[in-house]
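Asker: Sequence:
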Amino acid sequence: MPTPGGPKTMGELSPSKMATVDDCDVTMDPEMEILSDEELEREAESFKEQGNAYYIKKDYSEAFNYYTKAIDMCPKNASYYGNRAATLMMLSRHREALEDSQQAVRLDDTFMKGHLREGKCHLSLGNAMAASRCFHRVLELEPDNSQAQQEVKNADSVLEYEKMAELGFEKHDFRMVVFCMDRALESASACHRFKVLKAECLAMLGRYPEAQSVASDILRMDATNGDALYVRGLCLYYEDCIDKAVQFFVQALRMAPDHEKARLACRNAKALKAKKEDGNKAFKDGNYDAAYELYSEALTIDPNNIKTNAKLFCNRGTVGSKLKKIDQAIEDCTKAVKLDETYIKAYLRRAQCYMDKEEYDEAVRDYEKVYQTEKTKEHKHLLKNAQLELKKSKRKDYYKVLGVDKNATEDEIKKAYRKRALMHHPDRHSSASAEVQKEEEKKFKEVGEAFTVLSDPKKKSRYDSGHDLEDDTGNVGDFDANNIFKAFFGGGGGQGYSFEANQSSGPGNFFFQFG
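So for the sequence shown, UniProt numbering puts the first residue at 1; every next one is plus one.
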């Protein structure tokens, strides 16, 4: 390289001056210096030594520059390419390092370090078979080379992990694949193929932030990597960000038009979005049967899309509850929370279904889960209400005893009492066995107790509110079912019934006679 102000080389002469020299056959400037081969080699060695010094200092960028100068001086020297390959490896520029290593062994097939570096580059890039060939060539040149012996073992391990990962992927054992790729990447640290496979399996396991991180690292080095773009889209798709996912799938297909996984995922994403939206519209329009069918069809599109399918199961459960398919609704909500155990809406929907079925223990359990996750006033109110209903369910159900609805009117309660009291009156069962008489007397007393509470507005209100009536002054059990019966039917006359004391008539001590 000439110094500033020094004699110009042939390359620096203007075209017009070159023409003059050629045409006139003028003698070259005696001051113009043309380096001999020996001088070129000497200067190249100087550049190499400077490169070595920078390499030792770990200033790999400067080392690269000086090795390049050495190569420019002597492009046929294998060791210069070998040194620059070693520097490029330290700079994690493995593909360029591979090219230099290959050039080195082309120039000198006995260059042991060149073969070793070529093998390391192949292995770093994930080509274990090519790497193994290189390491075996080193062992041909130097059979006792311990580094090559170890690298052969590393290459064999990578090949084995590849096979295990392939089998694991076929069996959908994605954890196994991630494990194998982690082990393989210890030797093949620059292999984008292994990283993408790991990222795809992380996405399939629902570990989306990790998968995104791996894919993003690849895209920072290679923005056109179709596999990495596909994985980014896959993560968004599985997180129910379908519109953004489609954008990545389309971009992946631009970079790799034959990318079948991206094509299938893009088609599924569009179909899933359309079917779900159709189901939502049918639900809003009150067409519940159609909505149920549309959500069911959407659930068949992609079983791997956990988050979206959880929402679809919950939506179908909501429709099921509208269609009075309560058991089916509970089953769908259970499937939703199995897919996504953080899905609050599914717990709330299932809890309401349990309330509708009067299965209050289960309802309380779901509301407790919700309240532990989101401590809002609304969730607290729902939990307290379920706990109250559970408490009420543990008491005698006076409405059930009388066989009336909880919204029964005063007249309906009286009619129900009349019917049940006559049905269970002990004198009606005086000829039955002692066991039956005892059971009927018990029911007769329960009917009287139920009527005592439900016919008294104050007691009924407290009962409906969940209060323990036993805590009130005057225990609800302190009453005489026979007196209530007499009072209701007007004693021995007006209603056509007569009652006489009868010491031998069995439990209840009544003689019952229809008039």
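Derived by calculation from the structure, the hints in this document are not laboratory data. Watch out, some of these pointers could steer you wrong.
As the list claims (entries may be wrong) - List of simulated lysine-lysine pairs, BS3-like, C-alpha gap at most 30 Å:
1) Lys414 with Lys394
2) Lys443 with Lys377
3) Lys324 with Lys377
As the list claims (entries may be wrong) - Quick list of simulated restraints, FRET-style, between CB atoms:
4) Leu167 with Glu142: 33 to 39 Å
5) Ala271 with Asp108: 32 to 38 Å
6) Ala274 with Leu167: 58 to 64 Å
7) Asp182 with Asp108: 33 to 39 Å
8) Glu341 with Leu139: 51 to 57 Å
9) Lys392 with Asp327: 48 to 54 Å
The structure presented is a predicted model; accordingly, all values stated were derived computationally and were not measured. Built from N, CA and C at the ideal position, the CB exists for glycine as well.
Asker: Run through the hints listed earlier and report the numbers of any the structure violates, in increasing order.
Answerer: Of the numbered hints, 2, 5, 6 and 9 do not hold.
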